[in-house]
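There are 2 protein chains.
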Amino acid sequence: MALVVKKFGGSSVADAVCLKRVAGLIADTYRQGNEVVAVLSAQGDTTDDLIEKARAINPHPSPREMDMLLSTGEQISVSLCAMALESLDLPVVSLTGWQVGMVTDTNYGNARIKKLTAERIRMELDRKNIVIVAGFQGVNRYDDVTTLGRGGSDTTAVAIAAALRADVCEIYTDVDGVYTADPRLVKSARKLEEITYDEMLELATLGAQVLHNRSVELAKRFHVPLTVLSSFKQVPGTQVKEVLKVEQMNVSGVAKDNNVARIALVGLDDTPGIAFKVFSLLARQKINVDIILQSIGRGETKDISFTVSQNHLDAARATLEAHRDTIGFQEMIISDRISKVSIVGAGMVGNPGVASQMFEAIADANINIQMISTSEIKVSVLLDQKDADLAVQVIHNKFFA
Amino acid sequence: MALVVKKFGGSSVADAVCLKRVAGLIADTYRQGNEVVAVLSAQGDTTDDLIEKARAINPHPSPREMDMLLSTGEQISVSLCAMALESLDLPVVSLTGWQVGMVTDTNYGNARIKKLTAERIRMELDRKNIVIVAGFQGVNRYDDVTTLGRGGSDTTAVAIAAALRADVCEIYTDVDGVYTADPRLVKSARKLEEITYDEMLELATLGAQVLHNRSVELAKRFHVPLTVLSSFKQVPGTQVKEVLKVEQMNVSGVAKDNNVARIALVGLDDTPGIAFKVFSLLARQKINVDIILQSIGRGETKDISFTVSQNHLDAARATLEAHRDTIGFQEMIISDRISKVSIVGAGMVGNPGVASQMFEAIADANINIQMISTSEIKVSVLLDQKDADLAVQVIHNKFFA
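From first to last, the protein sequence lines stand for chains B and E. Numbering follows this note's numbering, in which position 235 of the first sequence is assigned residue number 235; successive positions increment by one, without gaps. Numbering follows this note's numbering, in which position 36 of the second sequence is assigned residue number 36; successive positions increment by one, without gaps.
The hints are simulated quantities; they were obtained by calculation from the structure and are not laboratory data. Positions of the beta carbon are idealized from the N, C-alpha and C atoms, including for glycine. Worth double-checking, as some hints may not be accurate.
[As the list claims (entries may be wrong)] Below 25 Å or equal to it, Euclidean Cα-Cα: the simulated SDA-like pairs (lysine to any residue) are: (1) B:Lys386 to B:Ser373; (2) E:Lys115 to B:Tyr142; (3) B:Lys115 to E:Asn140.
[Claimed, not checked] Some but not every residue of chain E turned toward chain B, in silico, with C-beta under 8 Å: (4) Ala54; (5) Ala56; (6) Pro61; (7) Ser62; (8) Thr72; (9) Leu80; (10) Ala82; (11) Met83.
Build the full structure now, drawing on both the sequences and the hints.
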């Protein structure tokens, strides 16, 4: 007997047919003698519908009331899913975030989990109940409803798996695993049987969009074995774990991220402390900076280029403009038609040939590289957005063809 | 400064326009320096939509999961209403049943209130917040969500008014008060300025449908001053209170109830204990019996006729058929095309002329009376359903023309 946590996203529970399919998957696992906790997102477009209702009344509602509103979405899907399992004559109970003791901070709309007692879930499992939990939501110390923000339901599932010491946390999505590249982009993309937390983290951050990095970080910290699989096709998925089989590929995947903008500050004084000044200003505004490139000083001035996500671009630009005098740059050049293409693989450490193979593939395709960034398990390049899809293909061909 | 509890039903919060109107009414009272708690039902058709979603998945879901599902309806309307008040720059907070400490028994779908601490509401009022509370819902001792059944939001409002010792509990509906008869039926119907709890109770029970009797009972027990008024028209409503002005009408209203069925058991043994046998059987099935008429024994047999609400008819019939032998009746005659027409008025006690005036009006209209039932403050007659509207009119003319 195992304790299995399953998570189903919005498209997996979109309507009555989908919910019955999900109930079937849960029932199969339960009937095999396992304890099952399922974490659900809101149905397909429910969240968008609720947001539209709110906007019709107030274009700028408070985050507290938005959370109060949006958390109903998951409550609807868990009760409906429980009803689907009741119709299969299985013992089941649905629970909200506050009912499972999912205590968060007070950061409405993007709350962090502070504590999860999971006593209620444990009690229901001991009574042989299947437990269906509303993802994405919690409750803060004032007893107010909060939501966890992007990737919230994945995070709920991993947190519950960690609290219950589950044997596996299965993340069901509309794809059937983690691929070496986006299968819609690269026909020859292959599904990975396994991947490490670190590789998955890099892929998640780099825009593979299968798992949110917050949930992968949490899984890594608490050693929760993750599996990514499809709720539509009954095929084996991808396992995310600490250590892989000895014999593994150097490169586990190629990822593309269009949510990137580049800011170049030109003509800065070539004095110490300039970089600190720029990046501490941005950090104070909670703007994450990714790739940073600082030119070697020529004469009296130097340039600093860096990337931020597209949604932070306006805030970054405004912050820098407001401090133009203290920073002392001559010009700010913005580029938002760029992409970041990356290769990820734990086997890349101590294998310097990998990066040069990547650059070779890009050069052969006559694509210009704007910036480069490397870490122990990834190499990222910044390209013109129009070249990105081609770059993903030629890089994938290089390593996986 | 007064503490005002306002309750708005589903039609009053049906859409964005309605919610803004409701927010305006709340804002007016708050800006006049009062403390305001508003209790809301689910928006117009939300509950029906949710029920439809449930039925598509499971025709017979458990009451627990239905409550989990349906309670989202009020949560949506309170958060939207709070957003409407936020857009008027007023301090506001929305709260669910569990957040206000509305503790009920475990009778899902029709839960009774056990306790209401209202500490959270008091705290929010002390902070000068307007408080918007989800009606119709509570939480039981297992921390599971319950709903209060028919008239639930009225009951929530009155319970909160009682717990906070509010100065007034205003029930906003789509009519602008309590009338001497249904204004759609009787053109000359007059709005009552005031009415006693007892009269309101009789009218509610008798199908006036302005206020549910559960909420009136609660208001009477805790001396909560009620006002019934319109959320669409700004006109004075009807006050429901303990004692009226000295000079009052004998009859305060005429009501019609079509939700009635008559069962006649014919040819019963004329022995003691037969009535007990019949009505204890029905009581055990939680079937409420209203008017009872037992014929005087002629020879060796007698007949018993009584009324039940239409929705209890099938259960009553099945119960009686199952015990045909122990009860020992020869025939069961069902009549479900009947109506109950009643006059209500505290001034009727010690005024025997009232009943005969009523009978006279009915006789003059050539309408046959099937059964009669009287109490201290009402007289009810059972009629053929086709005669009911005419009966209401002629009775109203008799007393109010």
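Against the structure, the hints come out as follows:
1. B:Lys386 to B:Ser373: 20 Å, holds
2. E:Lys115 to B:Tyr142: 21 Å, holds
3. B:Lys115 to E:Asn140: Since the Cα atoms of B:Lys115 and E:Asn140 sit roughly 24 Å apart, the hinted pair holds (cutoff 25 Å).
4. Ala54: Hint on E:Ala54: holds, closest Cβ of chain B at ~6 Å, below 8 Å.
5. Ala56: Holds, because the Cβ-Cβ distance from E:Ala56 to chain B comes to roughly 4 Å (cut-off 8 Å).
6. Pro61: Since chain B brings a Cβ to about 4 Å from E:Pro61, closer than 8 Å, the hint holds.
7. Ser62: Nearest chain B Cβ about 6 Å off; hint holds.
8. Thr72: 4 Å, holds
9. Leu80: 6 Å, holds
10. Ala82: 5 Å, holds
11. Met83: With a minimum Cβ separation of about 4 Å from chain B (threshold 8 Å), the hint on E:Met83 holds.
Checked against the numbered hints given earlier, the structure satisfies every one of them.
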